[in-house]
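Asks: Assemble the whole structure, with the sequences as input and the hints as a guide.
In order, the protein sequence lines correspond to chains C and S.
So the first sequence is numbered by our numbering: it starts at 1 and just counts up by one.
So the second sequence is numbered by our numbering: it starts at 1 and just counts up by one.
Bear in mind the hints are in silico, worked out from the structure with no lab data behind them.
Be careful, since some hints might not be right.
Said to hold, decoys possible - The calculated lysine to aspartate or glutamate pairs, modelled on EDC-like cross-linking and capped at a C-alpha distance of 20 Å, are:
(1) C:K98 to S:D38
(2) C:K98 to S:D54
(3) C:K57 to C:E41
(4) C:K70 to C:D83
(5) C:K98 to S:D56
(6) C:K59 to C:E17
(7) C:K98 to S:D62
(8) C:K98 to S:D73
Stated by the list, open to error - Chain C side only, calculated, beta carbon under 10 Å to chain S, not exhaustive:
(9) Q37
(10) E41
(11) G42
(12) P43
(13) V44
(14) V49
(15) V50
(16) A68
(17) K70
(18) D71
(19) L88
(20) N95
(21) N96
(22) R97
(23) G104
To be verified - Here are a few chain S residues that face chain C, going by a calculated C-beta distance under 8 Å:
(24) G42
(25) L43
(26) Y48
(27) T82
(28) Q85
(29) T98
(30) Y100
(31) T103
(32) F104
None of these values were measured; they are calculated from a predicted model.
Just so you know, even glycine gets a beta-carbon here, dropped at the ideal spot from N, CA and C.
Each chain, letter by letter, is given below.
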Amino acid sequence: TQLLEQSPQFLSIQEGENLTVYCNSSSVFSSLQWYRQEPGEGPVLLVTVVTGGEVKKLKRLTFQFGDARKDSSLHITAAQPGDTGLYLCAGEAGNNRKLIWGLGTSLAVNP
Amino acid sequence: DAGITQSPRHKVTETGTPVTLRCHQTENHRYMYWYRQDPGHGLRLIHYSYGVKDTDKGEVSDGYSVSRSKTEDFLLTLESATSSQTSVYFCAISDPRTGYGYTFGSGTRLTVV
Chain C
1 TQLLEQSPQF LSIQEGENLT VYCNSSSVFS SLQWYRQEPG EGPVLLVTVV
51 TGGEVKKLKR LTFQFGDARK DSSLHITAAQ PGDTGLYLCA GEAGNNRKLI
101 WGLGTSLAVN P
Chain S
1 DAGITQSPRH KVTETGTPVT LRCHQTENHR YMYWYRQDPG HGLRLIHYSY
51 GVKDTDKGEV SDGYSVSRSK TEDFLLTLES ATSSQTSVYF CAISDPRTGY
101 GYTFGSGTRL TVV
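Replies: Here is the structure:
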């Protein structure tokens with residue numbers, strides 16, 4: 001069974017701090033995606049990474065895909081209250097574009 | 001972004017009744033998915049579709065059926081609702097323009113009493 005483990009499960013920080021959340025697996029994925037979900041809404045895609053070692057930046061967010069394509073990290077610089085939400089990683093494996101999902105990291109950024 | 005809408009947004013139903021949730025997309029994407037999201041379990045795949053009349057089971061398909069008679073519509077039916085099916089249901093489409101990232105609907109909060 002393929003699993004994606006996310007850590008930490010919960011994170012509460014002050015505005016302006018930096019943070020990193022992790023997504024780890026023993027399985028290899030053809031791509032890995034990060035989503036952010038706010039209460040009462042569906043997850044929203046932030047990024048897709050497909051190449052081992054790939055780094056993508058989206059404003060203050062930096063995403064990295066591990067060299068072996070088994071893990072990924074999301075780093076947020078100078079967090080803001082608007083970054084609050086549930087961050088989910090998902091890996092694509094097998095056919096029909098199905099994703100394996102982590103349980104998420106719940107981030108609270110306090111003003 | 002592709003438009004995707006779910007209906008209804010909220011529903012309360014009684015145990016034993018059938019319930020149908022609708023997912024509609026305005027783009028011509030091939031892949032569509034139904035998930036449920038529950039605390040402690042995350043997103044779990046119920047059924048998915050890879051084309052008109054082409055569907056398959058996910059990891060939690062018992063008690064659910066789906067139909068896709070048109071590219072734009074993907075229906076999820078709870079054949080006889082039970083309290084364990086109280087959940088938030090999300091529909092998603094896989095968009096080739098974003099590396100097959102998913103676009104989700106806003107969800108349906110279903111309560112079975």
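Asks: All the hints need checking, so say for each whether the structure fits it.
Replies: Verification of the supplied hints:
| no. | hint | in the structure |
| --- | --- | --- |
| 1 | C:K98 to S:D38 | holds (19 Å) |
| 2 | C:K98 to S:D54 | holds (15 Å) |
| 3 | C:K57 to C:E41 | violated (24 Å) |
| 4 | C:K70 to C:D83 | violated (25 Å) |
| 5 | C:K98 to S:D56 | holds (11 Å) |
| 6 | C:K59 to C:E17 | holds (15 Å) |
| 7 | C:K98 to S:D62 | holds (19 Å) |
| 8 | C:K98 to S:D73 | holds (19 Å) |
| 9 | Q37 | holds (8 Å) |
| 10 | E41 | holds (6 Å) |
| 11 | G42 | holds (3 Å) |
| 12 | P43 | holds (5 Å) |
| 13 | V44 | holds (7 Å) |
| 14 | V49 | holds (8 Å) |
| 15 | V50 | holds (6 Å) |
| 16 | A68 | violated (19 Å) |
| 17 | K70 | violated (18 Å) |
| 18 | D71 | violated (18 Å) |
| 19 | L88 | holds (7 Å) |
| 20 | N95 | holds (8 Å) |
| 21 | N96 | holds (5 Å) |
| 22 | R97 | holds (4 Å) |
| 23 | G104 | holds (6 Å) |
| 24 | G42 | holds (4 Å) |
| 25 | L43 | holds (5 Å) |
| 26 | Y48 | holds (6 Å) |
| 27 | T82 | violated (24 Å) |
| 28 | Q85 | violated (19 Å) |
| 29 | T98 | holds (6 Å) |
| 30 | Y100 | holds (5 Å) |
| 31 | T103 | holds (7 Å) |
| 32 | F104 | holds (3 Å) |
Going down the numbered hints, you'll see the structure goes against 3, 4, 16, 17, 18, 27, 28, while the others check out.
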